[in-house]
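**Student:** With the hints as your guide, set chain B onto chain A.
Protein chains in written order, with our numbering: chain A, 13 to 442; chain B, 13 to 442.
Check the hints yourself; a few may be wrong.
One copy or two, it doesn't matter: identical chains are merged, so the pair holds either way.
Said to hold, decoys possible - Here are the simulated lysine to any residue pairs, SDA-like style, with alpha carbons at most 25 Å apart:
1) Lys336 x Met325
2) Lys336 x Asn416
3) Lys421 x Asp56
4) Lys63 x Ile396
5) Lys40 x Val383
Don't read these hints as lab results, they were simulated from the structure.
Protein chains: 2
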Amino acid sequence: MYAEFLSKKLGDAGAEEGCMLSVETSGKSYKGVLMPHHEFSGRDIMILKVKSGYNIGIRIDPSAKVEVLSRPVERAKHEASEETREGLKTIVLIGTGGTIASYVDYRTGAVHPALSTSDMINAVPEIREIANLKAKVLFSIFSENMTVAHWQKLAEAIAEEIDAGADAVIVPHGTDTMGYTAAAVSFMLGEVPKPVVFVGAQRSSDRPSSDASSNLMAAARFCVDGNRAGVFVVMHDTSGDDSFAVHCGTRVRKMHTSRRDAFESINVKPVAHIGADGEIAFNGGGREVTAGRAEARSAMCTDVVLLQFYPGMDPELFRDVVLKSRGVVIAGSGLGHVNGNMVPLIREATEKGIVVVITSQCLNGRTNLNVYNTGRDMLNAGAITVWDMLPETAYAKLMWALANTASAKAAKAVMQTPLAGEMSDRRELL
Amino acid sequence: MYAEFLSKKLGDAGAEEGCMLSVETSGKSYKGVLMPHHEFSGRDIMILKVKSGYNIGIRIDPSAKVEVLSRPVERAKHEASEETREGLKTIVLIGTGGTIASYVDYRTGAVHPALSTSDMINAVPEIREIANLKAKVLFSIFSENMTVAHWQKLAEAIAEEIDAGADAVIVPHGTDTMGYTAAAVSFMLGEVPKPVVFVGAQRSSDRPSSDASSNLMAAARFCVDGNRAGVFVVMHDTSGDDSFAVHCGTRVRKMHTSRRDAFESINVKPVAHIGADGEIAFNGGGREVTAGRAEARSAMCTDVVLLQFYPGMDPELFRDVVLKSRGVVIAGSGLGHVNGNMVPLIREATEKGIVVVITSQCLNGRTNLNVYNTGRDMLNAGAITVWDMLPETAYAKLMWALANTASAKAAKAVMQTPLAGEMSDRRELL
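This is chain A alone, in the form it adopts within the complex:
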């Protein structure tokens, strides 16, 4: 609740949530859309969504001046059209939430994370020109709150839609953990016969610079014209609106907090680039779409941890974390190293049957534990390495490998075998 003086000031100015305001206080000027008052904010704090799209809190002086520059317009409401046109492929959108499914309701000024997939399609009417679309909302959460259970439900829902006749599935998803989900679903769906495309947005659809519609349209074009089976991520390729990248679901990482071209393929080129005209330029071969069935092998071992090695890391402090797990992925330094004082803990873990997988915090390049003594000591202690696999992908894969094999030995063999484009074939690396 606002302080009385501030409540009165807003009332006098006729300022309601969603209004564009000009505010002068303590000698400074601000311009932005009035947002709902936050329960944790001070009573003299006003929240404005400023031009950058972010919210700032401003402490309002009793002598401040508040002026309404413009009032919100009612959000236009589209009806979802469910007509089906012959000759067009069918894409099913499975909504999970995230910024791509968010908008600021101009009436209240609040961010809604629950934009339905129908709403998303209606925001891109041209998408209906190229495909028949069906939409369902599976979850409505920001992706930092995705859990392994969500990954499992999602993979199962995707397989179900493909078996029910979908030519492709698009999964709008929050960008924060989209790389993790795409990797996990890649292993769960294995040789899926159709394209499964994750798509996100770095800016919500109410912002002029939103990438929600253009990413969705690019994803749909890839589904319709790409003839590529597998799990992919489609996002902006540049800061402009004219190029989109199709990333392999196991090779992609969010490498910027806010840019629209935040996603990068690591250690490989993107699978393809899509121009604004819909032209798809591939960077190599891949599996073609087939008529086969989809199967979700969604079992996951959740007793897996992901740790970044750092100088000063205390093996004693991490002892329980490691020894209570069934699998540990370490993002080591350089070629995959840890401090020599961590090696006894690795040995203790592997002797208990815990699988210890080494990746590199460099992200680019590949691990090699044969070059220096430390690496050889780690191998000798039972750690295995997965060359050019991303730490996050190794984490998702290890959960899957431990749940879908009968022994640590078999899980290790799975970790070192390329299954979904997640690593180069070792023989090619030597």
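**Tutor:** Positioned in the frame of chain A, the structure of chain B alone reads:
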């Protein structure tokens, strides 16, 4: 020890360690320098250093053919010249070990990690044309084995050399954790009046593609002509030998396991680029060299941990790790988020006086916990954010801040104040 048949085969061919061999076994051909037999290797395994510079183990068939292609040449021995020339600046090299200080002894074929700093200087005779050089070896370790105690001794040794008259200090260092050390030493040395330049090599000096000498020469040129005080990292800027980047010690990260241009400035441009001709092109202003004294405020709180958030992270499993610490740096997803189920642990930690600092695993961009509910909940639970600071830099800084302030509140204030170029001024970011 080799199996008898293999021992005999090598003896018959006259093959000794350090010889270039051609080996045919099990239908495959190999070419490489014979390395010492590893105690953990199978008795029928031969280790060859192949063209890529890496060692591979080859299982030798009893019918294999081994031929000596060439024999090692004695390593030329230079005498360290200690003459001092007037008018030249004095640079002190403080050796710590790492690949830059490694070479393969062609007589034995073994990798020596203990190349002295004098040896390093002798490998780059032209360096004596531009500066008087003094060399000392402080440690001789690969950098994955650097500890906080090493950082402290190093900062103290650097300050001592500057106070004793050095115009600059160059620190040859292993590349694995060079970014961490450079960040830690940046905070310890504060407003150091001279250049302190970390330099590493991705390929040891025995390899034709070694970057050891060229990086060292570029570092020396920056020390002599740069007129810039502070802590820097100098490494290859491109895959060629014609451009070097000078990175701010708190903004640099090893982003590739093996490339010579593995180091990147994150969220800022490099401080400068140095051409092969020694020309320095700066990307902006900085502190000039002055006559002041150096001081090493080397106290560090070692009860700090660095954690990467990931979906499925179990707050219960990490409870002890967090609550036994005095400071926790979390590399959150996207703008700095964690799963909502981690928020109670953050609250419990901050209520105990533990400082919880949020960074982003995206590395590029900056945290902002004001945009989404999860972020606001994290702030409300007492977490603080450090905008565009790297997770590793935040880790080193938090150790320093906790040791050099009297309260968690003061440490938090230090974390949010730019001290060594590690973050943008918050006011510039809004």
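**Student:** Taking the hints in turn, state whether each one holds.
**Tutor:** Verification of the hints:
no. : hint            : in the structure
1   : Lys336 x Met325 : both (18 Å within a copy, 13 Å between copies)
2   : Lys336 x Asn416 : within (20 Å within a copy, 35 Å between copies)
3   : Lys421 x Asp56  : between (61 Å within a copy, 23 Å between copies)
4   : Lys63 x Ile396  : between (49 Å within a copy, 24 Å between copies)
5   : Lys40 x Val383  : between (59 Å within a copy, 22 Å between copies)
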